[in-house]
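Student: Knowing the structure of chain A, use the given hints to seat chains B and C on it.
Residue-level listing of the chains:
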Amino acid sequence: MSNSRRMILAHFWLAFAGFGAALLLGAWQMFIRSPLSSWIGDPELYYRSVTAHGTTMAYVLPTLVAMGFGYFVAETALQRPLIGLRWAWLGFALAAVGTVTAVVPIALGRASVLYTFYPPMIGSAFYYIGVVLVVVGSWIWVALMSVNLYSWKRDNPGRPVPFAMFATVAGSYLWGWTAVGAALELLFQIIPVALGWRSTIDAGLARVFFSWTLHAIVYFWLMPTYIAYYTILPRAIGGRLYSDWMGRLAFILFLVVAMPIGAHHLFEDPQVGSGFKFVHSTFTALVSLPTLLTVFTICASVEIAARLRGGKGLLGWLGALPWDNPVMLGTAFSFIMLGFGGAGGLINMSYQLDATVHNTQWITGHFHLIFGGAIVIMYFVIAYDVWPHLTGRALASFGLMRLQLWTWFIGMIVVTFPWHYVGLLGMPRRMAYYDYNDPMLAGQAAPVIMSVIGGAILLVSGALFLIVLARGQRAPRIEPGTYRFSVAAHPPQRLPAALNGFGLWLALMVALTIVNYGFPIVHLMATPGTEVPAVLIGAG
Amino acid sequence: MTDSLSPGHPPAPDDGADRVEQVEHRWAIYATALLVLLVVMAIFAGLHQATLPQSRVETVDPRTLHLAGEFIDSNLGSAVEPDGSITVRAVGRQYSFTPECILVPADTPITFRMTSGDVVHGFLITGTAINLMLVPGYVASLPARFQTLGERYMPCHEFCGVGHEGMWGRIKVIDKAAFTQMAATTKRLSCVK
Amino acid sequence: MSRHVDRWVTSSVAITAAIFVAAAIIGFALLPWGQPGHRFTGLWDAICSAAGLVRASPASEPVVQPGYQMTSVVVTPQMLSGASAESIGRGATLALRCTMCHGARGMSLANTPNLAGQDPIAIYKQLADFQTGARKNAIMAPVAVGLSDSDMRDLAAYYAYLPRVAAEASGPAGAPPQIVANGAPVRSVAPCGACHGTLDSKAGAGWLSGQPVVYLRAQLDAFASGARHNDIGEQMRNVARGLTHEEIGVAAEYYAKLQ
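Chains as they are written, first to last, in this note's numbering: chain A, 1 to 540; chain B, 1 to 193; chain C, 1 to 259.
Everything hinted at is true.
Here are the simulated DSSO-like pairs of lysine-lysine, each with C-alpha atoms no more than 27 Å apart in a straight line:
id : chain 1 : residue 1 : chain 2 : residue 2
1  : C       : K136      : B       : K193
2  : B       : K193      : B       : K172
3  : C       : K136      : B       : K187
4  : B       : K176      : B       : K187
5  : B       : K176      : B       : K193
6  : B       : K187      : B       : K172
Treat the hints as calculated values from the structure; they're not laboratory data.
Chain A extracted, bound-state conformation (with noise of 0.2 Å):
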């Protein structure tokens, strides 16, 4: 495994410095744009760094950690070396050389059109390019968990897939599909332009493929969290998975459901149809079942542990847990953001109350707090878990990982309550700054400066994280033994072939991709007249 501890190593470095650096621009940039500070004097180094910060946490993080913990995953829950190895550092290489390739010309200020990118806006040819090669590097990951669970399958006929690989690969399966949508826009309609071969987009269809993307891509960021809900937390509290099977129904349904649901992300666009727009909020609605099975069946197994330990009462056995143990702290604190994010999530999910938040510093607190907050807490745990087995060597005190993680969730509620608040008020999206003089706009105030002192919690917390590792690196050595995953309370003997592969699901994904974008992708294409100019900015 040595060699592949360097590789998946590499992943969680290069994600966790792009992390380290993005969360300290995005600090900046709630500082800016609050009262505490005076009115930016070039509102153009803000812009730009809210493409570097969200560029960095949505793109390199997220991917990289899945990729890092999805090698770990096939070779721990298969028991086997990873097959095509050399593959795996050529896709990190992708990754990475994109990372680069990408940055620079955000740091020159030659693509501040934010992470979203939205045309007509076109910045630099490189920083586009730069998110593709990313991508590319993570479909060699898709494809290389595909070989080895197959390879796994051939040599073992018949045996459930461990739990573990079976939700990887269906996370991978969903990023490989999802990822099309932005591919489409990046590679036939933005990259064209910013080249100069053509000089008008349509900038209605950019926005319908970036959706198909936009929606899923969270699903896929959460997709390391949730396993680590059902595969890591129970063993590492002495518990049971309480439902092997449940789990692997929600990953199905988060496979089938999470992509074909982004048109909630253009309620108030005028180019999609109100029909599809409702199909699409119908099935939003239902993806938000595979997280209500979860944390049933979560809740459940930690029940079981606690049990275990001696806990007792109808509530009683929560204080039975083992609150010193990591796992079981930073899990509680996402399952506790994940209740908000989630609500929250519902809001924004039916069209008559998204339109009161659509575009409000509601929705950048309500993606904070469900992403900044519930899912990458599980990234430090998974890190916290992982790390000895990576490096051979101990890892730093529990109590400083406790401290780290309570102030990552103080941090996080401190800064996003506030925000979902102001958003409320009323208060615009992506602002380099605002008039809080203004008697309209006055009660905004407070709130955003709450926000700011919640960031620079959040500041001392990702520090404290990466101390924590750096010094993880040069511990002493110690052999960490075989990882392992939760066992199931009532572990399967065999599963029905569609509980252990991915052809039904696969099939279903890509039918309700055909019919719930299929319409209005073509109608668009088909439509003549809807190209507009690009703005190419940056050329100043």
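Tutor: Below, chains B and C alone, put in the same frame as chain A:
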């Protein structure tokens, strides 16, 4: 019970697994019922409060908005339709809305018809659910009705370039009688000074 | 075993299809057709509209025409890129008659605008607007009337090609005043540089640095009063109306000094 759950022992006979399946099924039904309820509420609100996404897709050329057609400068603003309703036409461009101050009467059905002259802009009337994306090449339209008098901001809420932070329009809701009086002499109304 | 597999396939496909069909019926038919106050001509019209098929604009009152000549120029960012050397040469010849006011090298000694190194789209558009009367000026109108469209493009290419030099009046401008650097957000005034080159360039907006202060002030006043109305979509009128008299003076003086 403890024996069958601890590692190293063979799993319990299937009645335990059946019980798990039962419990999970029941939860799945509750969860599904909750989601169905949310969707039904959305349908209800859509029908009875008439809050639905815009009902038609229309295209328009942003290059020639100012040359001819419904979005030329002199045709923007609030227009009284024969049936007494109001059509408000506006265009968003880097970095202002035209008309920069929109004037509407209270207690009257209003239709906003808007588009963008260059890049994607957002349109939000603070304190309301009037929220649109202005995508160049397409016409955004939305019905509305204002109950309370007063002035509100209309910021652009989508990043539209380096001057995005300066793109704040205003909308004024005035008494219906006062509006009708003004409309007698001017065909397209706004509160631009 | 195969019966088991069939059960998964049939039930998952059936459930997915049922959800889709139910959502489609509600979304494409029930909701649009059942909405009070809809203007559909029939159920099929409602379904097609809900599917997003492009519809013509609804019938409305006749378009209100302005009481003045509007600009007839269509501005796109790419419209004048790639000027040939011949075009620049022809423009140089045409420009000989402009030197009296606009200077031998496009840098004026009077209070007329400096044209050297200016955005070609800005020059082309203003010439075209002088020609049609969208922009009124007693001196420029007869000059522009004699120009053909290719003449105007050639002139624009020539002046854009000239190097920008520091104006006579320029000196250290210092830090930009707040109205220039940040605009006035809630009065819908973006930073000037967002369009006028120092932060980013909007097609046709042109560079302001080093222009005569008298000229800059006069144009802003003209936009504010509506006397000048050739800006597409009232963009500059929106900005100028949001500025105070003092701010106009401060901004003009800053840009006049800026190199």
